[in-house]
Structures are given as structure tokens and as C-alpha cells.
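J.: Input sequences plus hints: build the corresponding full structure.
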Amino acid sequence: MINARGPRTYTRPVEVGVPYGLVVLALVASAIAIPGFLSSSHLSSMSSTAAYVGILAIGETIVLLLGGIDLSIPYTLNVAAVLLVGFQSNGMSGWLDIALVLLVGIGVGVTNGLGIAWLGISPLVMTLGMNSILQGVALIYSNGSPLGSAPPQVTTWSTGLMGGFPNVVILWIALTLVVTLVLVFTTFGRSIYSVGANRVASRLSGLPVRRTIVVAYALSGLSAALGGILLTGYSGQAYLGMGDEYLLPVIAVIVIGGTSILGGKGSYLQTVAGALLITVIESALVTIQVDQAGQDVLYGAIILFMAYLNRVAVSRPGFGIPALLRRSGGLSGWLRPPARTPEESMQAPD
Amino acid sequence: MTRPTTPWQRSFTPFGLALLLFIVYVLKSGGFTSIAALGIFNDALPLALAAVGETFVVLTNGIDLSVGSVITLSNVTVATLAQGHSSVLAIAAALAIGAGAGVLNGLIVNYVRLAPLIATLATSSIFLGIALFILPNPGGVIPTWLSTWTSGSTHSIPYAAIWLLVLLAIGWGLLNRTTFGVKVRALGGNEAASWSAGIRVNRMRLLAYLASGLAASFAGIVLAGLTQSGDPTIGNVYVLNTIAAVVVGGTSLAGGVGTAAGSVLGALSLSLISAVLLVSGLSTNYQYVVTGAIVIGALLVHAAHDRIGSRAPRARAVTAAET
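Read top to bottom, the protein sequences are chains R and E. Under this note's numbering, think of the first position of the first sequence as 1, with each following residue one higher. Under this note's numbering, think of the first position of the second sequence as 1, with each following residue one higher.
Calculated directly from the structure, the hints in this document are not laboratory data. Please read all numbers here as calculations on a predicted model, not as lab measurements. No residue lacks a Cβ here, since even glycine has one placed at the ideal position from N, Cα and C. Treat the hints with care, since some could be wrong.
[Unchecked claim] Among the chain E residues that face chain R by a calculated CB cut under 7 Å, a handful are: (1) ILE118; (2) ALA122; (3) SER125; (4) PHE133; (5) ASN285; (6) VAL289; (7) VAL295.
[To be verified] Label-pair ranges, simulated between beta-carbon atoms: (8) ALA33(R) / GLY198(E): 52 to 58 Å; (9) LEU300(E) / LEU38(R): 52 to 58 Å; (10) SER29(E) / LEU177(R): 54 to 60 Å; (11) GLN289(R) / GLY281(E): 48 to 54 Å; (12) VAL24(E) / ASN90(R): 34 to 40 Å; (13) GLY281(E) / GLY236(R): 31 to 37 Å.
T.: Below, the structure written as C-alpha cells:
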């Protein structure tokens with residue numbers, strides 16, 4: 001359904017522009033410091049890395065925009081991977097296998113959504129509990145060591161090239177287009193923002209709040225399952241714990257892009273920029289041989305800095321160096337907490 | 001919104017759960033040996049420590065996702081410094097680092113005013129990086145007395161059980177017999193009202209994060225004693241388990257309502273689950289499924305408890321509108 005009023009966006013250009021500007025800055029700086037950084041093979045490998053995180057972050061972006069959170073991504077991903085190779089070794093045809101696994105992902109998401117929307121369970125606890133249950137399911141189904149390999153179609157998606165571009169990147173671009181159009185132009189997309197901004201007002205305005213929540217979590221389950229399928233295709237097999245390392249990056253790229261975890265503010269395009277930015281920086285750090293310890297510290301520092309930048313400067317009206325300095329109370333103001341508006345003082349933050 | 005249940009009523013559910021699991025355990029295994037008690041209490045102690053600390057933060061309507069990394073950081077600090085230095089110095093350093101980590105979290109939440117989830121997720125990565133820098137691979141030396149005092153037992157009573165009781169007393173005392181505890185709960189219940197009533201909300205929040213960091217570093221030290229080595233991956237599983245223990249223990253993630261006793265019992269319940277599954281002959285693979293179901297189920301029971309106990313019709317109307 002197309003919104004009768006035509007396109008309206010709650011996301012201002014600057015909020016999207018700043019993270020992309022930083023991506024360009026990081027690319028230029030890395031290219032100057034590291035010879036061969038912009039070679040086509042390196043660009044292609046970096047964009048593939050970003051694509052996996054980016055695709056996994058589709059559902060989490062939607063859920064965060066809605067004011068929720070999905071912590072069940074790691075084992076939704078893992079269950080999808082384990083089932084994919086399991087079904088395949090039972091002789092199931094590739095396409096049916098993929099379709100079933102995606103359905104399982106949707107099922108997980110719908111269960112999360114029902115628990116959150118109808119039973120009123122806090123999203124954090126519901127998805128945390130679900131993650132634990134799915135971890136058990138993955139262990140029990142695979143008995144500790146998943147056997148089998150990915151269907152050939154999946155391997156082609158993950159590792160193949162089309163006209164010099166990795167297939168997974170092309171898929172990511174297509175998905176980005178679809179997700180952005182859905183979020184901006186459809187009633188469902190607008191409902192997500194509305195529910196995230198004010199759930200009670202949305203309900204009083206007649207929006208199907210609970211249905212929107214269930215669909216959003218279903219999409220999160222779907223994108224996690226898709227990510228699991230693609231990662232299985234990438235490594236050729238499934239293993240337990242393969243999703244554990246993705247929860248932090250998925251939330252990190254969304255925050256770095258500037259989407260608010262409190263809901264109602266942000267866009268998937270910003271998440272894409274976040275994924276690109278963190279991939280470029282990580283790749284540069286690995287190339288100049290920063291060890292794991294240093295990478296972890298910088299990773300945390302980048303999240304803090306970007307979250308601060310987005311909160312203080314970017315996501316407020318009027319952007320530019322003078323406005324930025326004025327709003328943050330001059331250079332010294334960067335070291336002080338920003339002044340609270342009277343409204344902010346009246347209500348508890350977050 | 002009025003909160004119908006008194007804080008101590010909130011710990012009924014975890015108490016009942018722990019008791020139920022204990023009875024099932026005794027029925028299945030045909031008794032309760034001191035060896036079994038040792039296993040269960042040793043398992044529960046580090047989790048309970050982290051959970052009691054986390055309770056303070058959750059009470060302020062925040063969340064601390066850095067407990068796992070602080071556990072790791074203090075664990076590797078003890079294991080590294082105990083070589084060549086006095087073991088007391090190593091432990092003091094670990095506690096100081098834990099307190100410092102908590103203060104850093106509190107400062108970021110208070111003054112940079114980032115959402116606690118994001119702030120502690122980011123610092124978690126930083127603390128883990130520092131831990132990896134200190135001790136990249138498992139190893140290090142743990143003083144023998146620390147192992148004795150954590151994994152040993154006296155007159156068939158595990159030291160861990162005694163520490164749990166001490167922890168219970170300290171947690172109860174801090175929350176119920178100090179103004180700090182009352183203020184922390186008030187802050188979580190309604191920050192604006194607390195501020196108007198003259199509570200220094202930022203200072204209380206800072207102290208809550210400090211308590212969480214300090215408790216997590218105690219957990220890391222205890223783990224060093226239990227495993228007799230330092231391990232830069234040891235804290236990973238504790239992040240989500242700590243929150244699970246707090247939630248099972250009846251502390252509301254919306255802040256303001258909860259008890260330290262509940263969190264201790266929640267941690268005890270989680271370690272009883274694996275013990276029960278073990279004596280039932282079920283594969284420990286089922287542990288995750290049961291744990292997840294119990295966490296979700298416990299929250300439903302707490303919610304039902306609140307709804308039944310509610311005497312204020314208006315409060316019920318608001319709840320219904322929001323869900």
C-alpha cells in the first residue's frame with residue numbers, strides 16, 4: 001500500500017550524509033597510508049564483508065526503529081545454517097531447503113513478536129530467552145557437530161561474481177533498495193517509525209501496533225536466517241557458535257550509522273554507511289597489523305564517538321561547523337554535557 | 001504507575017523456582033551430597049556476584065552489558081599480577097580496575113548521556129581489548145589460598161555457599177538499610193520525581209555502575225580461584241547469563257523494582273538447571289532450551305503477579321494501553 005500523501009521522510013539528508021562522508025574520509029585516509037588499499041580485489045573483498053553484516057542488520061534496524069531490540073540474531077543465524085546443511089545432507093533439493101530455512105527464520109521472528117506484542121514481555125528478555133532456546137535447538141539438532149555442506153545455489157550467491165561484482169554485494173544493493181522503499185513509501189514502513197516514536201499515540205491513531213511489531217520481528221528473523229544461509233555458503237559448512245561474533249557488529253553498525261536505539265529515528269541507508277565505515281576501518285587496522293586487543297579498544301571507541309556525534313550534533317536541526325559549535329557550547333562544550341532543555345529536565349532520559 | 005508488590009514479594013518466584021529445582025534434583029539423584037553442593041554453589045557464586053551488581057544498574061532503569069568484559073579484565077589482572085607480585089596487591093588491583101570500569105560507564109551514561117545499552121556495549125569492547133592486551137592466551141598463576149577459599153569447603157559446607165550468604169546480606173543491606181539503596185530504587189521508579197525530591201540522581205547512578213563494576217571484578221577474582229588460571233575468554237558467557245539471573249530474580253528491566261536476594265536465587269536457579277539435567281540423564285544440550293524457557297516464563301509469572309496484586313484500577317488501564 002502506497003501512502004496517499006506521497007513520500008515523506010523523517011530522516012534529514014545530513015543524517016545520511018555524515019556517515020557516508022566519514023566512509024569517504026576513511027577510504028581516502030587509508031588509500032594514502034596503505035598502498036593498494038583501493039585495488040579492485042581489496043574493494044571487492046571489503047564490500048563482501050560489509051554485505052554480510054549489512055544484510056544481518058536489516059531486521060535489527062527495523063526492530064530498533066520500532067523501539068525494540070532483537071538479541072536472538074546469533075542463534076537464529078546458527079539454527080538457519082545448521083538446518084540448511086542438515087536438510088541438504090538428507091537429500092532435500094536446494095531451493096526447497098532454502099525456502100524452508102527462511103520460513104523457520106520467519107517463525108522464530110513471529111514467536112518473538114507475539115511474545116512481545118501480545119504477552120507484553122520485554123523485547124530484551126524475550127529475544128534473550130529465544131536465543132538460548134535456539135542455541136539448544138542448534139545443539140540438539142546437530143548433536144554438537146553439524147555435518148553436510150551448503151547447497152550449490154547458496155555457494156554461488158556467497159562466493160560467485162557477476163560482471164566483476166560479488167553476487168552477495170549485488171544482493172545487498174537490491175535489498176537496500178527494497179528496504180528503503182518499504183520504510184519510506186509504504187504504510188507499514190511509516191507505521192514502524194510511528195510506533196517507535198510513540199507507541200501509545202500510534203495505537204490511539206488507529207495503527208495496528210501489535211501487528212506491526214510482529215511483522216517487524218518476523219523480518220528480523222528472516223534477515224538473520226538469510227544471513228545464516230549466506231554465511232554457510234561463504235564458509236561452505238555450518239558450525240556451532242558461528243553467529244556469536246555478529247551480535248555486537250550488527251548493533252554497532254546501526255548505532256554508528258546514527259539510528260537511535262530508542263526508536264523512531266534513523267534509516268537503513270545509515271546502517272549501510274555504518275557497515276561500510278566499520279569494514280573500511282577494520283580492514284585498515286588489520287593491514288597495518290594492529291592486534292586483536294587494539295582492534296577491540298578502537299572498536300569500542302568508535303562506537304562511543306559516533307554515538308556521541310550523532311546525539312549531540314548530527315541528529316539535530318541546523319548542521320554546519322558554526323551551528324555545531326554553538327549547539328555544543330563552543331569547543332570547551334565538547335567536554336561538558338550538553339545543556340538540557342527544560343523539557344528534557346522534566347522527563348527521565350531514555 | 002503504582003507498583004503493587006512489595007520488593008520482597010518479588011523474590012517469591014525465584015525462591016519457589018530454586019526450591020522446586022532443588023526438590024527435583026534430590027528426587028532424581030536420591031540425595032544431596034557435599035560434592036554435588038560444591039559443584040552447584042561453585043557454579044552459582046560468580047554468576048550471583050555479577051547479578052547482584054547488575055541489579056543495582058537495572059534498578060536505575062539502566063543496563064550494564066560490560067560485566068562480562070570486566071569479569072575477564074579482573075580475572076586476567078589477578079592471574080598476571082600474582083606472578084612476581086604479592087597476591088593481595090593483585091586482587092586490590094583487579095578490584096580497583098573493576099571499580100574504575102564501573103565509574104567510566106557511569107560517567108558516560110551520566111554526562112555523555114548515551115543510552116546505557118550503547119555505552120556499556122562500547123566500553124565492553126574496550127575492556128575486552130585491554131584484557132587481551134594484558135593476557136592474550138590463557139595462563140598465569142593463581143595463589144593457592146585463593147583457590148582454597150573459593151573452591152574448598154569446611155565441614156562439608158562449600159565456602160562458595162558461605163560467600164553467597166555474605167553476598168546476600170551485603171546486597172540486602174545496601175538496598176534496604178542504606179539511603180543509597182532507597183535512592184537508587186527511587187531513581188529507577190521515577191527519575192524526575194527523585195530529582196525534584198532532592199536526590200542527586202547522577203551521583204546515585206554513578207554509584208550503581210560502580211557497584212556493578214566492583215561486583216563483576218569480584219566475580220572475575222572468584223573465577224580465577226575456581227579455575228586456577230586466567231583466561232581472556234572467561235567472561236563471554238556471563239553477559240547474557242547475568243541479565244537472565246537478574247530477570248529470573250524478579251528485578252524489573254523498567255527499573256525501580258527488584259531485590260538482591262532475587263538475583264542470588266536467580267543465579268542459583270540457573271546453576272541448578274544444569275545440575276538437574278545432569279542427574280536426569282538428559283544431554284546438557286537441553287540446558288539452553290530449559291534456561292531460555294524459564295527466563296521467559298519467569299517474566300510472565302512476575303507480570304501476572306503484578307497484575308493480580310494491583311489494587312489501582314487506573315494503573316491497570318495505563319498498563320493495558322501501553323501493551
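J.: Indicate, hint by hint, whether the structure satisfies it.
T.: The hints, checked one at a time:
no. : hint                              : in the structure
1   : ILE118                            : 5 Å, holds
2   : ALA122                            : 4 Å, holds
3   : SER125                            : 3 Å, holds
4   : PHE133                            : 4 Å, holds
5   : ASN285                            : 4 Å, holds
6   : VAL289                            : 3 Å, holds
7   : VAL295                            : 4 Å, holds
8   : ALA33(R) / GLY198(E): 52 to 58 Å  : 54 Å, holds
9   : LEU300(E) / LEU38(R): 52 to 58 Å  : 54 Å, holds
10  : SER29(E) / LEU177(R): 54 to 60 Å  : 59 Å, holds
11  : GLN289(R) / GLY281(E): 48 to 54 Å : 50 Å, holds
12  : VAL24(E) / ASN90(R): 34 to 40 Å   : 36 Å, holds
13  : GLY281(E) / GLY236(R): 31 to 37 Å : 36 Å, holds
Going down the numbered hints, you'll see the structure goes against none, and every one checks out.
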